[in-house]
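Peer 1: Listed below, chain by chain, are the residues.
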Amino acid sequence: MVNLLKPSSWFASPDPLIIQNREIFSRFDQSRPLTEYTFVVCDTELTGFDLKHDEIISIGAVLIRDLQIDLGATFHRYIKPKNTQHTPATLIHRITPQQLAESPPLEEVLPAFVEFAGSSLVVGHCVSLDMAFLNRAARKVLGGTLSNPGIDTIRMARGYRRVLSGHFHGEEDWSRSYALEALAKEYHLPTFKSHDAFEDAMQTAYLFLFLLKKFRKGGLLTLKEIYQAGRI
Amino acid sequence: MTTFKENDVHVVAPEVAISFFKGIMPFSTLEEKTLRSLAHHCRIDFFPKGTRILTADTTELTHLYLIQRGGVKAFLEDDNGEVTLKDFRGEGAYIGALAIIRNTPANLNIETVEDTFCFLLPREIFLDLIENQASFAHFYLKSFSEKIVSTAYNELRHHKIARRSNEDLYLFSIKVGDLVKTIRKVVSSATIQEAAALMSEHHVGCLLVHAVDDPEKIIGIITDRDLRKKVVAAGLDFQQPVQSIMSGPVQTVLSQALCFDVLLKMMATGVHHLAVERTGRIIGVITSHDIMLLQGHSPYYLLKEIRGQQQITDLYPLAKKIPEVIRGLIGEGAKAGNITQMIAILNDHILERMLTLLEKELGIPPVPYCWLLMGSEGRREQTFKTDQDNAILYADPADEAQREAAETYFKAFAAKAIEHLVNCGYPLCPGEVMAINPRWCQPLSAWKHYFERWVADPDPQELRYATIFFDFRAGFGEALLAEELRNHLNKQIAGRELFLFHLSRQCTEIRVPLSFFKNFIVEKDGEHKNRLDIKRQGLTPFVNFARVLALKFGIKETNTLARLKALMEGELILGELWSAASEAYELQMQQRLVHQLRQIEAGINPDNYIDPADLSDLERRMLKEAFTVIERLYGVLDQMYPVT
Chain A
1 MVNLLKPSSW FASPDPLIIQ NREIFSRFDQ SRPLTEYTFV VCDTELTGFD
51 LKHDEIISIG AVLIRDLQID LGATFHRYIK PKNTQHTPAT LIHRITPQQL
101 AESPPLEEVL PAFVEFAGSS LVVGHCVSLD MAFLNRAARK VLGGTLSNPG
151 IDTIRMARGY RRVLSGHFHG EEDWSRSYAL EALAKEYHLP TFKSHDAFED
201 AMQTAYLFLF LLKKFRKGGL LTLKEIYQAG RI
Chain B
233 MTTFKENDVH VVAPEVAISF FKGIMPFSTL EEKTLRSLAH HCRIDFFPKG
283 TRILTADTTE LTHLYLIQRG GVKAFLEDDN GEVTLKDFRG EGAYIGALAI
333 IRNTPANLNI ETVEDTFCFL LPREIFLDLI ENQASFAHFY LKSFSEKIVS
383 TAYNELRHHK IARRSNEDLY LFSIKVGDLV KTIRKVVSSA TIQEAAALMS
433 EHHVGCLLVH AVDDPEKIIG IITDRDLRKK VVAAGLDFQQ PVQSIMSGPV
483 QTVLSQALCF DVLLKMMATG VHHLAVERTG RIIGVITSHD IMLLQGHSPY
533 YLLKEIRGQQ QITDLYPLAK KIPEVIRGLI GEGAKAGNIT QMIAILNDHI
583 LERMLTLLEK ELGIPPVPYC WLLMGSEGRR EQTFKTDQDN AILYADPADE
633 AQREAAETYF KAFAAKAIEH LVNCGYPLCP GEVMAINPRW CQPLSAWKHY
683 FERWVADPDP QELRYATIFF DFRAGFGEAL LAEELRNHLN KQIAGRELFL
733 FHLSRQCTEI RVPLSFFKNF IVEKDGEHKN RLDIKRQGLT PFVNFARVLA
783 LKFGIKETNT LARLKALMEG ELILGELWSA ASEAYELQMQ QRLVHQLRQI
833 EAGINPDNYI DPADLSDLER RMLKEAFTVI ERLYGVLDQM YPVT
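As they're listed, the protein sequences go chains A and B. For what it's worth, the numbering used here labels the leading residue of the first sequence as 1, then goes sequentially. For what it's worth, the numbering used here labels the leading residue of the second sequence as 233, then goes sequentially.
Bear in mind the hints are in silico, worked out from the structure with no lab data behind them. Because the structure is a prediction, the values reported are computed rather than measured. Glycine included, each C-beta is placed from N, C-alpha and C at the ideal position. The reader is advised that the hints may include incorrect statements.
Said to hold, decoys possible - Once the Cα atoms are required to be at most 25 Å apart in a straight line, the calculated BS3-like pairs of lysine-lysine come out as: (1) A:LYS213 / B:LYS856; (2) A:LYS224 / A:LYS213; (3) B:LYS856 / A:LYS185; (4) B:LYS305 / A:LYS213.
Unchecked claim - Over the 10 Å line for every Cβ pair with chain B, so calculated as not near, a few chain A residues: (5) LEU71; (6) MET131; (7) ARG139; (8) THR145.
Let the hints inform the model, and build the full structure from the sequences given.
Peer 2: As structure tokens, then:
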């Protein structure tokens with residue numbers, strides 16, 4: 001029976017993965033100590049930034065548990081695009097069209113990623129872009145969007161700069177770059193080759209760990225406090 | 233699913249970990265496959281600057297830490313909060329290995345001195361590698377073997393100084409069967425007192441305990457420790473049978489086992505007495521002390537040997553053993569200040585023995601004299617093979633006949649002494665500041681006159697050359713003569729601001745070598761072959777500073793660290809400046825010692841030129857910080873003696 005008053009029922013009912021995902025985050029509590037959360041730091045490679053036409057061609061991710069990067073929990077998949085005409089971007093991504101053509105489709109990779117992410121908070125560098133593409137894909141493949149709260153390392157970096165400069169309310173210093181590579185260099189982080197979803201995810205994980213622990217040393221012990229301080 | 237392999241979640245190899253492991257010993261010896269599996273078990277953690285990672289005697293190690301980026305300091309803290317810095321460790325270094333292997337809590341406090349990323353390797357996996365990979369046991373045991381008996385923990389330097397092959401040979405070639413002494417045992421029904429008496433009689437620290445019915449059947453062992461802990465401390469009756477306090481059954485090793493393997497077993501189990509078994513029979517006991525003696529180049533033994541010599545020529549080979557002893561000390565992590573003191577003590581003993589024997593040979597000197605040591609010897613700051621800087625100061629002769637007798641005697645005495653010293657490996661002084669030079673073999677009145685002239689009428693040119701004389705101390709003979717000269721000198725200097733001004737100017741002439749690092753940072757590709765003279769540019773400013781202020785304030789010490797300390801205690805410099813200067817000075821001394829030691833091992837004549845390429849990032853940063861202290865010292869001098 002289709003209940004016309006419930007918009008969600010206009011579409012096919014969501015995949016069990018999505019239902020489970022919603023349940024996990026229905027009673028999400030921001031006030032627990034940071035050590036109790038797991039984070040999935042992820043990065044996607046796209047054929048372009050157009051949400052209507054472009055697609056995800058690679059997902060890389062790594063888990064952070066106990067505030068440590070867990071190298072035993074990594075995720076890296078290439079995805080066969082629906083439209084095979086996206087060649088210019090693939091050059092940047094060091095993936096040959098041949099490799100992409102042999103990769104599994106989104107229908108196979110996305111559920112694996114959702115399972116991998118589990119109850120973790122999604123962390124990304126400009127995470128809204130990744131989430132937009134992931135959610136569009138999830139709506140299509142799984143009939144619903146992901147409920148995992150997102151954390152943006154760009155916003156954290158801005159918060160950190162504000163703390164360092166002591167300007168909490170003044171002008172933002174946007175003259176300095178917030179690009180992943182630039183931040184890694186500024187904070188003397190070990191660096192990774194860019195434009196590879198997994199390597200970028202690792203780079204973001206290092207950045208996230210760095211910022212998180214800097215905040216923590218400054219006395220911010222719960223997720224809520226971090227959200228408030230960095231307005232992440 | 234027919235995807236290519238990289239698409240499998242479980243095959244994504246964290247390249248970052250693998251390439252890190254490939255770059256550090258002993259992981260670099262592992263197979264690719266093993267490295268990949270290791271990488272999957274690792275975690276990465278970040279510790280902001282100033283984070284305490286381990287606390288001595290408290291933290292239980294669940295992981296081995298390997299520094300990917302950043303640096304830490306290792307230190308001990310006593311009950312009064314007094315901190316002893318043991319070590320700095322930088323990228324590629326490990327933390328916690330010793331505690332994991334010995335199954336104890338951390339032995340040192342570890343704190344990050346900069347933002348630090350570490351790979352964390354689970355304890356079980358590390359132990360598994362130690363057990364199953366020969367290269368691992370070898371690597372870590374080599375760096376720990378001295379530490380079991382000493383409290384020094386300097387892992388950094390263990391990486392920097394390659395071990396001498398013959399030292400390894402002892403551990404790797406000698407079998408425990410060769411070390412075992414006569415077996416000492418006692419029947420299990422004997423009383424504790426009888427056993428203790430037997431131990432005293434044979435001068436041994438442990439006895440094997442055999443069954444009543446069969447002397448060949450070893451059922452346990454008692455040690456000094458058992459007597460102390462289980463008997464005396466517990467107030468147990470001495471008439472109880474030894475059986476009641478023994479440990480049994482006894483852990484055994486085979487007589488053909490290598491000392492290396494036995495040491496490993498002792499470290500892993502914490503049992504330091506093992507019974508040695510040959511063809512099914514226990515033939516004796518081996519202790520960790522027995523094995524440590526194999527490696528020992530103990531300063532104490534050398535000292536005893538020097539004292540016992542009756543022929544000057546027999547001192548030659550002993551003097552040449554000094555670098556070996558010093559090497560051991562550096563390896564054990566002794567601080568530079570202690571090392572140079574030790575070198576001075578050993579050199580002084582060679583000198584004392586030599587001149588004592590020489591006096592016997594040439595007869596009693598006509599007047600009392602004092603053999604003076606100048607420059608770095610005078611400051612007790614020699615490293616390896618420093619030139620001779622010495623002189624003779626003798627009591628003023630009573631008359632002309634005595635004057636002639638003294639001149640003749642000391643001329644011959646000096647000539648022989650200098651020759652012997654050369655044969656001992658102390659090269660001649662190119663500036664001829666030696667007792668053999670008639671100018672520097674003079675009675676007290678002449679010496680007083682020298683100093684009066686230098687102080688009253690300072691010629692900057694001559695002063696530059698004369699500074700080493702201001703660091704004189706008594707090396708051998710009548711020390712009162714040297715003390716009288718020092719008192720005279722201090723009286724002369726009081727209020728002689730012009731002299732102190734020149735001395736101070738001369739000090740600040742040496743440029744602070746900070747630009748060295750700027751150059752280096754810019755010229756990364758090694759085109760810039762700019763080397764650092766760590767003695768002239770790095771250490772001399774501290775020596776000069778301490779000398780100027782010591783002379784100004786009449787401090788009798790000649791050693792730079794002692795001078796600085798005396799200045800601080802007299803509240804003549806700030807306590808904070810004192811600690812910064814002492815640390816910076818000692819750090820550079822250490823760099824210099826390690827540098828020279830490596831040269832000696834490579835068969836090169838030791839010098840003071842440090843190639844920046846040989847320094848790690850952390851070392852460069854530390855040196856740079858040390859150099860900034862020089863600017864502060866110059867600031868003090870500039871304030872005291874402004875140019876205009």
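Peer 1: If a hint holds in the structure, say so; if it does not, say that too.
Peer 2: Evaluation of the provided hints:
Restraint check for A:LYS213 and B:LYS856: the C-alpha separation of about 28 Å exceeds 25 Å, so the hint is violated. Among the hinted pairs, A:LYS224 with A:LYS213 is consistent with the structure: their alpha-carbon atoms are about 15 Å apart, no more than 25 Å. Simply put, B:LYS856 and A:LYS185 have alpha-carbon atoms about 22 Å apart, close enough for the 25 Å limit, and the pair holds. A hinted pair counts as satisfied when its Cα atoms are at most 25 Å apart, and B:LYS305 with A:LYS213 qualifies at roughly 20 Å.
The claim that A:LEU71 lies off the interface is violated: its Cβ sits roughly 4 Å from the closest Cβ of chain B, which falls inside the 10 Å cut-off. Distance check for A:MET131 against chain B: the nearest CB is about 21 Å away, which clears 10 Å, and the non-interface claim stands. Listed as a non-interface residue, A:ARG139 keeps its Cβ farther than 10 Å from every Cβ of chain B; the least gap is roughly 24 Å. Separation of A:THR145 from chain B is adequate, the least Cβ-Cβ distance of about 23 Å exceeding the 10 Å criterion.
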